[in-house]
Amino acid sequence: MSMSMYILSSGEISALVTELQASYDVYGPQVEPQTKQVFFDQLATPAALDLEAPIPSMPVKEILFPQMERILKYKYDAENQSVAMSKQYFERPKALFGLRPCDLSGILVLDRFFLGQEFVDDVYLTHRRQCLLISNTCLHPFPQCFCVCTHSGPDADEGFDLDLTKLQDGYLLRVGSEKGQAIADAHQWQVATPLHAKEFKAVVDRSIDLFPEMATDNKAWVAKVMNRITTGFVKQETWEYIGDQCFECGACSFVCPTCSCFNIEDTQTPCGECERLRMRDSCSFEGYARMAGDHNPRQPVEDRRNKRFFCKLSYPQSKKYLRPGCVGCGRCQWVCPGDIGLPNVVQYIRREITGGQN
Amino acid sequence: MSNCHGNHEHGNCKTTGLCPIVTFPEVVNIDEIRDEIPEVKTFYLSFPNKDVEREFRIKSGQFIMCTVFGAGEFAVSLPPSPENDRFHISVRAVGKVTHALHALKPGDKLGVRGPFGNGFPFDEIKGKNIIYVAGGIGLIPLRSSIVHALQHREDFGRIILLYGARSSKDLMYQPDIREWQQNAGFETFITIDRPEEGWTGEVGYVNQLIEKANVPVDNSVAFVCGPPVMFNSVIGEFLKRGMSEDAIISTLERQMKCGIGKCQHCAVGRTLVCTDGPVYTYRQIKTLGEQI
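Residue numbers (my numbering), protein chains in the order written: chain A, 231 to 588; chain B, 986 to 1277.
Pulled out of the complex, with its shape left as it was, chain B reads as follows (with noise of 0.2 Å):
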């Protein structure tokens, strides 16, 4: 960490003068592991190498490649805000590395990389109204964000969160989400798929939330993440109202082996998803020519 591996032109060094761990990974203990919804689980970390810790700071929208040592290395994004939140990763059980990830105990060491990839605006965007829009696991890129501009109430317009799952059961941070929902700065709405016995709040598609929040498109930002149907409908129901390609933000998922722009395996269109994404525009997105 104390030496940069880059030419101090990386995001993290602009805006903290920190360099991200490079190349090697970084040990972290996993301090406990939540239960998140079904395939999907919380692991708590921190550093031992307590230098290092005060070192890594994050931005929201970034990611980090963690290692489960025997296993390999995966790309993931970060959910805490970089301010006053514990370090945390929610991975879904789906290949051969973030099984073996399932199967650890608090206790066991992970490898750190990162934090890597741009980030969501966040100076940019002050004055202006939020309108973060999740599916299912969509919402672990936006908690960061979602949480650190809450912790900066004062700086935003309106806030709202459109969040929709297939069922109650796949809600993501349900804790956060009960408390979102007693903070009177902050507009959910969570909507789930099909009608469900002891459900009071919302059921359909999340775009059909839109009309119901009454979403303002002036002087306002939407960050989309979720499967590509939901974001295509979505898109789709912005646009009509008028909203700015500029203003709808989302996060790129590609396969990733290096991080640092090196391995290529992340080109979408021109561009790498490690070093000039994640977070794009849905004027860069569409200009990328490939798929979501």
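Just chain A, same shape as in the assembly (with noise of 0.2 Å):
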């Protein structure tokens, strides 16, 4: 479809967030006034959205894929030897509005991963049947920041509803599905005009440029590391070293926008019933893959670490999720106590490609 775009006002942003209130719970980035840190969260009044807040220090899969929530209760009457099981949830629809185009990437490739494989996940479905995603064109890198290498920014180019990009004249709005049509045809916006285009482009020129030498730098590096990691041509020593920094805190897992592993626990409620909890783990814990009886056929972290990246730079993964697995959001790289964030590991390798050239 051609692409149709608008030019809104700061007021009709907040009108539009007052609108969509009426029939989907909208989130959006906002900054805590003690910490000052951003969180991507429901929105009381449209006063609290940021549009020019950095990245959130949590993903957004933490909307759709939440750390831990309920998929089944059910009470067992040992007795009686029967059982009661309530599978009922009702889902509000959501509106994720100004996501950051790496975090919308995340999304896709949840999406492609829980609903595009051999069978559908119902509990995500639940969650991401009825949403609205608004991104937001990053005007400039956030520390850490290497969306450029692994093409999922600074601006969004696929997958959003509606998008929007902060220009002189107030904020460009780009048209990417037939929802987002049916919600912009529903006003009288002004249209963009040629120029507004051109202005776009060079935005986003300007923010790439803007990007520090070492994320440009490592672009087709992240290509080469791909290649390597998929056909297993990593040194051991290279992954002893990787292996070596891991604490296996698992951070990494838990602020990864692409991180999708779970397990699931029952628990008894002090009131007798059970309730089935799905929460997310990380590959990097100890008893992972441990089976009952013991036997845990990966026990040394450098396998454990080998299999996280090879997650999100592998091409079978890729194949998967219909791009690489990493979004070069950087949260690894802030939260890792070690020095093994995906740019690190990117450069490990590097090194050994290179033979510690660079």
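It should be emphasised that the hints constitute simulated quantities derived from the structure, not laboratory data.
As the structure is a computational prediction, the values presented were derived from the model and not from experiment.
Please note that the accuracy of each hint is not assured.
In silico DSS-like pairs for lysine-lysine, Cα to Cα no more than 30 Å straight-line [claimed, not checked]: (1) A/Lys550 / B/Lys1271; (2) B/Lys1081 / A/Lys317; (3) B/Lys1113 / B/Lys1225; (4) B/Lys1090 / A/Lys303; (5) A/Lys537 / B/Lys1271; (6) A/Lys549 / A/Lys409; (7) B/Lys1225 / A/Lys305; (8) B/Lys1197 / B/Lys1111; (9) A/Lys549 / B/Lys1271; (10) B/Lys1035 / A/Lys303; (11) A/Lys305 / B/Lys1026; (12) A/Lys454 / A/Lys465; (13) B/Lys1090 / B/Lys1035; (14) A/Lys305 / B/Lys1271; (15) B/Lys1081 / A/Lys303; (16) B/Lys1113 / A/Lys537; (17) B/Lys1197 / B/Lys1225; (18) A/Lys454 / B/Lys1271; (19) B/Lys1271 / A/Lys465; (20) A/Lys266 / A/Lys396; (21) A/Lys537 / A/Lys550; (22) A/Lys305 / B/Lys1035; (23) B/Lys1026 / A/Lys303; (24) B/Lys1090 / A/Lys317; (25) B/Lys1035 / A/Lys317; (26) A/Lys465 / A/Lys409; (27) A/Lys537 / A/Lys454; (28) A/Lys409 / A/Lys550.
Fit the two chains together into the complex; they arrive one by one in their own frames, and the hints show the way.
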């Protein structure tokens, strides 16, 4: 479809948020006043939305794939040998307003993984079914960002319903889906001119120029490293070097927009009911693959680390995601207490390839 | 069950047009419990919901996710034949959930999701000799295929079972074995590790039976399930005799939480045991780069 573009004032943006709140739970980036941390959370008022805030500390997957959620409730009556299960849950439609392009790409990866493979994941589908995605172009990179290396920023090019970019005259709104067009058609927004389109391009180019050299320099190397990891040509010493720095804290998995491993546990509630909880898991944990009887086929930490990077940077995995598994948000680099955020791992493997030259 | 949760691309929809139970467990009744060998019990199950029961079709080598209410869920292979057999599972009490299962009595309820997994090839191996090699409770995942093959005896060449256990008390499915030993079309070789009073069968390890049974390697497939030590020595023996790596077939076991390729706990090499397996050829297993 040809992409319609409009120019919206800040007032029109706020009005749009208010309007969406009638039919959606609207989430957006907000700055916590005391800590100045950014969270992508449900908006109480349109005024809480801060489209200029840096990328949120936690990825937006939090909303579609929560840290922990109940997927089933049941009560077993041992005396009568009967079970009552309840599986009904109601999900309000959600509008994610002001997604950074990396987080949007993360959602697309989760979509393809949870909905596009052999089986459809019903739990994820319930969250995702009625979602409205509104992305927001990054006018400059934030510390540790390297989305230019992973084709997921600084502007969004697919998957959004509506996309915003701040220009001189206001916000450029690009429409990316029929759902987005229906919203645009219901308004009398000013149609954007070719000059606005030109300015959009210039804004994106300027943003790309602002990326630090390390990020842009790594661009070609991401593809080379993917090739190495896929073909298994990364040396054992390199994996051991990476494994030695892993504290097995799991932080990288929890802040990663595309990490989707989970665990399932049945727990008793005080009132005698049972809940089946699904919670995020991390392949860095020692007990991740441990089976009943304590047989653990994946013990050394480097084995577990190489699994993670295989997930992020390899062709077989990219085939599932239709893009690399890394979206370049840099969060793993912020949180890693060792030094094995994804950009660093690319550096280590790069150093191995060049024999320490770079 | 009525609506497909996949894209009709998973094994079950392709072969039977029927979807497995994907997300919410379906309740089953424990009709009967049999003590098999120490620590292993067989649970005979039935679906109170007859519509579900009609649509619940399995393939040899597949598995289900079984819920013990209040304790949790575990993956377990399916020993019944896809045709004319009672629905049952055989489980060793190893962890928290399986111990809770062993504490149940007839009439108690379980939850079932599935069947999942690729299953053993059946149509592809018609006309060939089949050699089943099992150690200990490795006979559980093979039973389905054995019974199914015997139900279609005329479709295959020689059918041979080489089965070994620590002692005569550790032999699974003894009523089945007695029946199989009477079956003229089925060559069975049973061995135990050490001599026992009153034992008239073979003594020694399973790999030693390969010689004894004069196992054919041409136009043959071998299904091998058992502890890793047995697996490695048996495979070595078959390869020495010139059997192709594609003709040696086994199943892998991993920790599983979802069964539908999402939780990723069962990732081995580039594959997921739940959707790409659990049945692998030895050629595939070799490339996985992980312990069996």
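Status of the hints after comparison with the structure:
Proximity of A/Lys550 to B/Lys1271 is assessed by CA-CA distance (about 23 Å); at most 30 Å being required, the pair is judged to hold. At roughly 25 Å between alpha-carbon atoms, B/Lys1081 and A/Lys317 fall within 30 Å of each other, so this suggested pair holds. For the hint pairing B/Lys1113 with B/Lys1225, the CA-to-CA distance comes to about 20 Å; that is within 30 Å, so the pair holds. Between the alpha carbons of B/Lys1090 and A/Lys303 the distance comes to roughly 23 Å, so the proposed pair stays at or under 30 Å and holds.
About 17 Å separates the Cα atoms of A/Lys537 and B/Lys1271, which keeps this hinted pair within 30 Å; it holds. For the proposed pair A/Lys549 and A/Lys409, the alpha carbon gap of about 27 Å is at most 30 Å, so the pair holds. Taking the CA atoms of B/Lys1225 and A/Lys305, the gap is about 55 Å. The hint is violated against a cut of 30 Å. Taking the CA atoms of B/Lys1197 and B/Lys1111, the gap is near 25 Å; set against the 30 Å cutoff, the hint holds.
For the hint pairing A/Lys549 with B/Lys1271, the CA-to-CA distance comes to about 23 Å; that is within 30 Å, so the pair holds. For the hint linking B/Lys1035 to A/Lys303, the alpha-carbon distance of about 24 Å falls within 30 Å, and the restraint holds. Simply put, A/Lys305 and B/Lys1026 have alpha-carbon atoms about 25 Å apart, close enough for the 30 Å limit, and the pair holds. About 15 Å separates the Cα atoms of A/Lys454 and A/Lys465, which keeps this hinted pair within 30 Å; it holds.
About 22 Å separates the Cα atoms of B/Lys1090 and B/Lys1035, which keeps this hinted pair within 30 Å; it holds. A threshold of 30 Å between alpha carbons decides the hint, and for A/Lys305 with B/Lys1271 the separation of about 45 Å lies outside it, so the pair is violated. With a C-alpha separation of about 20 Å, the suggested pair B/Lys1081 and A/Lys303 falls inside the 30 Å cut-off, and the hint holds. In summary, the hint linking B/Lys1113 to A/Lys537 is not supported, as the alpha carbons are separated by about 38 Å, beyond the 30 Å threshold.
Our distance criterion of 30 Å between C-alpha atoms is met by B/Lys1197 and B/Lys1225, whose separation comes to about 15 Å. About 26 Å separates the Cα atoms of A/Lys454 and B/Lys1271, which keeps this hinted pair within 30 Å; it holds. A C-alpha spacing of about 19 Å is found between B/Lys1271 and A/Lys465, which places the hinted pair at or below 30 Å, so the restraint holds. About 22 Å separates the Cα atoms of A/Lys266 and A/Lys396, which keeps this hinted pair within 30 Å; it holds.
With a C-alpha separation of about 16 Å, the suggested pairing of A/Lys537 with A/Lys550 holds against the 30 Å cut-off. Distance restraint check for A/Lys305 and B/Lys1035: the Cα-Cα separation of roughly 22 Å lies within the 30 Å cut-off, and the hinted pair is therefore satisfied. A threshold of 30 Å between alpha carbons decides the hint, and for B/Lys1026 with A/Lys303 the separation of about 28 Å falls inside it, so the pair holds. In summary, the hint linking B/Lys1090 to A/Lys317 is supported, as the alpha carbons are separated by about 26 Å, within the 30 Å threshold.
Taking the CA atoms of B/Lys1035 and A/Lys317, the gap is near 21 Å; set against the 30 Å cutoff, the hint holds. Between the alpha carbons of A/Lys465 and A/Lys409 the distance comes to roughly 48 Å, so the proposed pair goes past 30 Å and is violated. With a C-alpha separation of about 18 Å, the suggested pairing of A/Lys537 with A/Lys454 holds against the 30 Å cut-off. For the proposed pair A/Lys409 and A/Lys550, the alpha carbon gap of about 26 Å is at most 30 Å, so the pair holds.
When the structure is compared with the earlier hints, violations turn up for hints 7, 14, 16 and 26 and for no others.
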